[in-house]
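Chains as they are written, first to last, in this note's numbering: chain A, 1 to 377; chain B, 378 to 756.
Below, simulated BS3-like cross-link-like pairs (lysine-lysine); rule was C-alpha separation at most 30 Å, straight line:
id : chain 1 : residue 1 : chain 2 : residue 2
1  : B       : K665      : B       : K751
2  : A       : K29       : B       : K751
3  : A       : K7        : A       : K17
4  : B       : K398      : B       : K665
5  : A       : K7        : A       : K29
6  : A       : K29       : A       : K17
7  : B       : K665      : A       : K29
8  : B       : K665      : A       : K17
9  : B       : K751      : B       : K398
Computed far set for chain B versus chain A, every beta-carbon distance over 10 Å:
id : residue
10 : R404
11 : L440
12 : D443
13 : T456
14 : T590
15 : P598
16 : L704
Keep in mind the hints are simulated off the structure, nothing from the lab. Source: prediction; values computed, not measured. Even for Gly, the Cβ is constructed at its ideal location relative to N, Cα and C.
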Amino acid sequence: MSGFRLKLLRIRRLARKELRQLFRDPRTKRIIFASPIVQLLLFGYAVNTDVRDVRMFVQDHDRTADSRGLVQSLTAGTEFRLAGTSDRAADLTRALDHGDATVGIVIPAGFEADLAAGRTADVQVIVDGTNSNTGILAQGYATRAIQAYGLRRAAERTGVAPDPPVQLDARAWFNPGLVSRVYNVPAVVGMIVMLMSMLLTALSVVRERELGTLDQLLVSPLSAGELMLGKTIPVAAIAMVQLALVTTVALLWFRIPFRGSFLLLLFAAALFILAGLAVGLLISTVSRTQQEAFLGLFLTLFPVVILSGFLYPVETMPPFFERLSLLNPLHHFLVIARSVFLKGAGIVVLWPQVAALAGMAVVGLWAATRRFRGVVG
Amino acid sequence: MDGTRAVTIIDPVRLLAIARKEWIQVRRDRRSLYLAFGLPLLLLIFFGYAINWDIEDLPLAVLDRDHTAESRALVDAFTASGLFTVVDRPAREAEVEAGLVSGAVRAALVVPPGFARDAAAGDARVQLLLDGADANTATVALGYADAIVARYGARLAGSRTSAPPIDPQARVWYNPTLESKNMIVPALIAVIMSVIAALLTALTIAREWERGTMEQLAASPVSRVEVVLGKLLPYLAIGLVDVAAAVAAGLLVFQAPLRGDVFLLGVLTILFLAGALGFGIFISAAVKSQVLATQMGLIATYLPSLLLSGFLFDIASMPLPLQGVTLLVPARYFVTVTRGIFLKGVGLEALWPQALMMIAFATLGLALAVRAFKKEIPA
Chain A
1 MSGFRLKLLR IRRLARKELR QLFRDPRTKR IIFASPIVQL LLFGYAVNTD
51 VRDVRMFVQD HDRTADSRGL VQSLTAGTEF RLAGTSDRAA DLTRALDHGD
101 ATVGIVIPAG FEADLAAGRT ADVQVIVDGT NSNTGILAQG YATRAIQAYG
151 LRRAAERTGV APDPPVQLDA RAWFNPGLVS RVYNVPAVVG MIVMLMSMLL
201 TALSVVRERE LGTLDQLLVS PLSAGELMLG KTIPVAAIAM VQLALVTTVA
251 LLWFRIPFRG SFLLLLFAAA LFILAGLAVG LLISTVSRTQ QEAFLGLFLT
301 LFPVVILSGF LYPVETMPPF FERLSLLNPL HHFLVIARSV FLKGAGIVVL
351 WPQVAALAGM AVVGLWAATR RFRGVVG
Chain B
378 MDGTRAVTII DPVRLLAIAR KEWIQVRRDR RSLYLAFGLP LLLLIFFGYA
428 INWDIEDLPL AVLDRDHTAE SRALVDAFTA SGLFTVVDRP AREAEVEAGL
478 VSGAVRAALV VPPGFARDAA AGDARVQLLL DGADANTATV ALGYADAIVA
528 RYGARLAGSR TSAPPIDPQA RVWYNPTLES KNMIVPALIA VIMSVIAALL
578 TALTIAREWE RGTMEQLAAS PVSRVEVVLG KLLPYLAIGL VDVAAAVAAG
628 LLVFQAPLRG DVFLLGVLTI LFLAGALGFG IFISAAVKSQ VLATQMGLIA
678 TYLPSLLLSG FLFDIASMPL PLQGVTLLVP ARYFVTVTRG IFLKGVGLEA
728 LWPQALMMIA FATLGLALAV RAFKKEIPA
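With the hints as extra help, turn the sequences into a complete structure.
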């Protein structure tokens, strides 16, 4: 047999051993195949920044048909849910302090009289500033709804429809309803795949080292490169299956539109998974104990998610972090996934991201192999 | 036979002996110890600076077909807001489209010809195209753009229009300047500690199994409760130092306000840590393998405490069944507690439901840990 074929045979044997080892424990199978689906089903519903069912407490000092009409027009849609009504300030404070409401509306006495006389009525919109950005969005919604109510009532009174001199005609492309789930679910797909591929590799080398089985591998005719390939290929295959599973759930269950090319997504995903595995392998070769690898994994996972543009565009971060995010495989993959899913963008637009992922996969695997050679030596 | 189970009273000497043994083991693994102490602080400082919830300098393309003083004033109104930065002035509609698809611009303002004339007549329209693929940013940008155009229109109309029928006045409580660090720092402490706590103990018993020291532990005259509590103590100390350092950093580095009772925060932190550490021991004892314990520990704590705790996403807006699931995420209670004590300055009168749930979790976590920790050595 030629040297190359021997090489392939050795890698295949090692890959098979890795797979057998991985699946020896039936619980691993559940972690690998069931947990990504369960995670996407849970988190797909959680990642929602639409203003929906935000609890609103009303402090009504007017208690007239008009004040009730205002509350009704606010709670008629899906945005707000009435959490309580009172005419005492202490009750509103209590509701916000205890977290029973996120938004408070204060309608002053004489509200109806002001409206009827054509005087400007003051309504207070109070928002709980601790509660992420939902509160801020809710405040914008409430303010606009209250203004609209006032204009409508004024129009009914005078018989003239008030018309602003300049109208904004806004159109959101790729996602006309501005549904946040459509934007966030492809990101959760990327996050889960990244987490799983790092989980599967971060302990792989350090574990053999701690258990002493690394010595056995060392006396075998496998070279460091072959060892790395043998460890990478099975995990990469598993990660691809996971990606296929969660993408299917995203498309069929969450009905996320898919406008681009499956082939491009698959190609980019393969590079992304290899880059993720390389990070995991690097952690594994740098650590001396599994505990250390575990902590190292954690140290990497948080920045990977926060600097990915998952929630907030990377462009709004300080320049240092914006540049740092360029080293984050998840950041590039999210750009690709969102563009392919929602915009139908092709390689012409996405080649910088694809190239970055390819570069990271190559450099990462090369560095991991080098580190591994250091460990072996 | 049942000698170990007969020991039900906790003997402080034996308990401390186990704790000391665990501490020696922790100390020996220097790098892990440094990570355990340094990690939360590092992550907090990192994210306190990195996360910026305020959207600003959003790349905007402007297609001005009117070329009048009025249209330029409108564009100026957009850039003066600080939210938008004009990065591109395409000549044709097709170029606007290309910019949105490639992501080079997030929004495009199209001013039609005759804008100034129409505005004078009180009936002008401008078009704003948004990259809806990023729904979060687009929603915020749309709100701002609405306000900018309304203000511009009002100024243009001058005295022509009367006062608005209702003038809503917005107030923000607890964080009046809406500084993002104030929202993030307290909650981030809770989220980081949720993961760190499970991480610290997830390997402790699995390690004994894998290294074969379990037999020695089983042969020693200590009860299961003593082992679990003894193993817990050193990590509880580490966790408390972590939280103290993170709170100090929050106050000194980020100047986050701490309006409530520090003592109450300390007590609730201990409760939370006891539950989370106990849960880690439970996983460790149940799966007996460090790899599996790692995977389960991270899957059970990392994304759930990030996404289901109310840190980033409002729990009230989630579907009801999922709201039920969040009740099982301990980080949810700790996030409410840190935000409540830091920003709202509330005490037990508001936080008692969270305190009760944390007591329940601590009891459950420790009970599960003791139950899962079996001293029998399989044949």
